[in-house]
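J.: Residue numbers (full-length UniProt numbering): 1 to 183.
FYI, nobody ran anything at the bench for these hints, they're computed from the structure. Mixed in with the good hints there might be a few duds.
Stated by the list, open to error - Straight-line distance between alpha carbons at most 30 Å, and here's what the computed DSSO-like set of lysine-lysine pairs gives:
(1) Lys-176 with Lys-53
(2) Lys-68 with Lys-176
(3) Lys-53 with Lys-68
Said to hold, decoys possible - Label-pair distances were calculated between CB atoms; the ranges are:
(4) Pro-87 with Pro-7: 29 to 35 Å
(5) Asn-73 with Thr-140: 20 to 26 Å
(6) Tyr-149 with Gly-72: 16 to 22 Å
(7) Thr-152 with Ala-57: 32 to 38 Å
(8) Gly-72 with Pro-2: 17 to 23 Å
(9) Phe-19 with Trp-102: 19 to 25 Å
All C-beta atoms, glycine included, are put in the ideal place defined by N, C-alpha and C.
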Amino acid sequence: MPLLNTPRLRLEPLDDGHFDALHRLNSDPVVMRHITGRPETPQDTRLMIERVKARWAEFGYSWWAFIKQDGGNLIGTGCIQHLNRDPAGPLETGWRLRQDAWGQGYASEAARHMVGWAFATLQPERICAVCQPDNTPSSTVMERLGMSYTGTGRWYDMDCDRYDITAAEWAASPAKARYDAEA
1 MPLLNTPRLR
11 LEPLDDGHFD
21 ALHRLNSDPV
31 VMRHITGRPE
41 TPQDTRLMIE
51 RVKARWAEFG
61 YSWWAFIKQD
71 GGNLIGTGCI
81 QHLNRDPAGP
91 LETGWRLRQD
101 AWGQGYASEA
111 ARHMVGWAFA
121 TLQPERICAV
131 CQPDNTPSST
141 VMERLGMSYT
151 GTGRWYDMDC
161 DRYDITAAEW
171 AASPAKARYD
181 AEA
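Whole structure, please, built from the sequences with the hints as guidance.
T.: Dropping the structure here:
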């Protein structure tokens, strides 16, 4: 399973050892308002970890823990997975961060490395991302990746805006140039 290093983060596949920090993240109602609309229970977090471990085993990609290089604390998580958890769907990237890590560029940094890894390793035609229409911080990260708005639909039982980037668009993007410089 791939470990990814960014200038400030180490991305490691989520596993049982991340439970406590992951549950603190996923039980924050402010963090989760745009993801599930409610804080997670300990059981929800355990089920997420089991689902993630199974996907790593089946697909070779899923959710990573975002660990700060200095201090070793989990500040967020992010993924390459199939949109709406449907293996027939396109690859999707997504992320969530602790509130104290917001606005510091961590989501963009981690997303660049997840998307760069996915295009280099999995070689999909495109990668998408979705967020609720009022989640401007996430849509801003999507735009920084070079993604373009493609419409609104229903994913994960929510109305979401979708952003996509093709392999060719990624290859020509400033985000890829930055990723190459950081890798």
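J.: Evaluate each hint against the coordinates.
T.: Structure-based check of each hint:
1. Lys-176 with Lys-53: 28 Å, holds
2. Lys-68 with Lys-176: Within the cut-off at roughly 22 Å; holds.
3. Lys-53 with Lys-68: With Cα atoms ~22 Å apart, Lys-53 and Lys-68 stay inside 30 Å; holds.
4. Pro-87 with Pro-7: 29 to 35 Å: For Pro-87 and Pro-7 the Cβ distance comes to about 33 Å; the hint holds.
5. Asn-73 with Thr-140: 20 to 26 Å: 24 Å, holds
6. Tyr-149 with Gly-72: 16 to 22 Å: Distance hint for Tyr-149, Gly-72 is violated at roughly 36 Å.
7. Thr-152 with Ala-57: 32 to 38 Å: Holds: the Cβ-Cβ distance is about 33 Å, inside 32 to 38 Å.
8. Gly-72 with Pro-2: 17 to 23 Å: Because 19 Å falls inside the window, the suggested range holds.
9. Phe-19 with Trp-102: 19 to 25 Å: Between Phe-19 and Trp-102, where Cβ atoms are some 23 Å apart, the hint holds.
Going down the numbered hints, you'll see the structure goes against just number 6.
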